[in-house]
Amino acid sequence: AELMEYLASFLSSRGLDETLAYEIANLPGVTGVASLLKVEGYWRKKAYDIIIVDGVPSGEALRILFIPDMLGRISRKLLGALAPLTDFASVVKKVVGAPVPSRDLVKKEIKVLEQMEALKRILTDFDLTSVRLVANPDYFSLSNIKRTYMVLSIYGINVDLAIVNKVIPETERSTYLKGWVEAQKKHLEEAHLNLSPLPIKYLKLYGCELMGVEDLRKAALELFGDEDPTKVYFKGKPMTVRKVDGGVEIVLNIPYVSKEEVEVERTGDELMVYVLTDIGRVGLIIPLPAIVYTLSLKKAKLINGQLHLYFQREK
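With the working numbering, letter number 250 in the sequence shown gets 250, and the count goes up by one each step, no holes.
Derived from the structure by calculation, the hints contain no laboratory data. For clarity, every value in this text was computed on a predicted model and none was experimentally measured. Do not take every clue at face value.
Computed beta-carbon distance windows for the label pairs [stated by the list, open to error]: (1) Ala-47 - Val-112: 16 to 24 Å; (2) Leu-295 - Trp-180: 37 to 45 Å; (3) Glu-114 - Gly-268: 34 to 42 Å; (4) Leu-188 - Arg-147: 12 to 20 Å; (5) Asp-226 - Val-112: 39 to 47 Å; (6) Val-244 - Gly-212: 53 to 61 Å; (7) Pro-289 - Arg-217: 37 to 45 Å; (8) Phe-126 - Lys-243: 19 to 27 Å; (9) Ala-47 - Leu-276: 46 to 54 Å; (10) Val-257 - Thr-171: 25 to 33 Å; (11) Val-112 - Tyr-155: 12 to 20 Å.
Derived pair list, reagent style DSS-like, types lysine-lysine, alpha-carbon separation capped at 25 Å [said to hold, decoys possible]: (12) Lys-298 - Lys-237; (13) Lys-166 - Lys-111; (14) Lys-201 - Lys-186.
The C-beta atom is built at its ideal place from N, Cα and C for all residues, glycine as well.
Build the full structure now, drawing on both the sequences and the hints.
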């Protein structure tokens, strides 16, 4: 809060409308980071056996967590060394015409950076943290978790399970729902291909909204049965990005297909991978990482269930 106040006052001192200054100071993702920092505190105090965070994994929040890496330890030491100079804040303010952070604020900034470092270590430790993706069997919902899966993979955060919710039973014979059941079947096949090798569990669409502990217990029993729901179901990455001579290589897991069944096409910042399946031609829309935005797709190879994509700069 103090950091936001300082940033807002700094922007106001440069002539920006005060209301707009506060809006800009409330940076995207900051709220998400603040919530996650509470998790770091709970973990440090060993307050709980298991901590469950129910929410959207914000790409902005995850990006902010890597600020300490970008600053580096030397920058933070320099920040600490500058703290004594804040005693001359009133003099500096008159000279530069802008507020100077207080000594306490500088110390708090350093502490927050250290907390963010600790939180990043927790989130990227596959033995401590995993994410579970939840989606409905429709195009929009599944597209969202595909992008989330890619972003989490890039940030080195493990996803151990996907849950597809509200699946209409195929035994449902209602004429009204027939179209939904057919569309859902295709979406479920695409989910299997897009999220492989991630395990997927399915929860049926119940006849009414789940309300109360007993309904939740019933759904949990359907999902996990006698299994321990806290166990880590999978450790791994759906996408590996690495620099190679002259460009970048991306490796995707696409098991159980031959090269004759795969076709690759790039469209902007997305990759279209078409796979022939028993229900027809299925398209995988794969969001590309920013590192290859300015590169061209040169070749693709399918090796042992992995699709190797090579990107290079145009000569």
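Hint check:
1. Ala-47 - Val-112: 16 to 24 Å: 20 Å, holds
2. Leu-295 - Trp-180: 37 to 45 Å: At roughly 40 Å between Cβ atoms, Trp-180 and Leu-295 fall inside 37 to 45 Å, so the hint holds.
3. Glu-114 - Gly-268: 34 to 42 Å: 39 Å, holds
4. Leu-188 - Arg-147: 12 to 20 Å: 19 Å, holds
5. Asp-226 - Val-112: 39 to 47 Å: Because 43 Å falls inside the window, the suggested range holds.
6. Val-244 - Gly-212: 53 to 61 Å: 54 Å, holds
7. Pro-289 - Arg-217: 37 to 45 Å: 40 Å, holds
8. Phe-126 - Lys-243: 19 to 27 Å: 23 Å, holds
9. Ala-47 - Leu-276: 46 to 54 Å: 51 Å, holds
10. Val-257 - Thr-171: 25 to 33 Å: 29 Å, holds
11. Val-112 - Tyr-155: 12 to 20 Å: For Val-112 and Tyr-155 the Cβ distance comes to about 19 Å; the hint holds.
12. Lys-298 - Lys-237: 23 Å, holds
13. Lys-166 - Lys-111: 43 Å, violated
14. Lys-201 - Lys-186: 16 Å, holds
The structure shown violates just one earlier hint, number 13.
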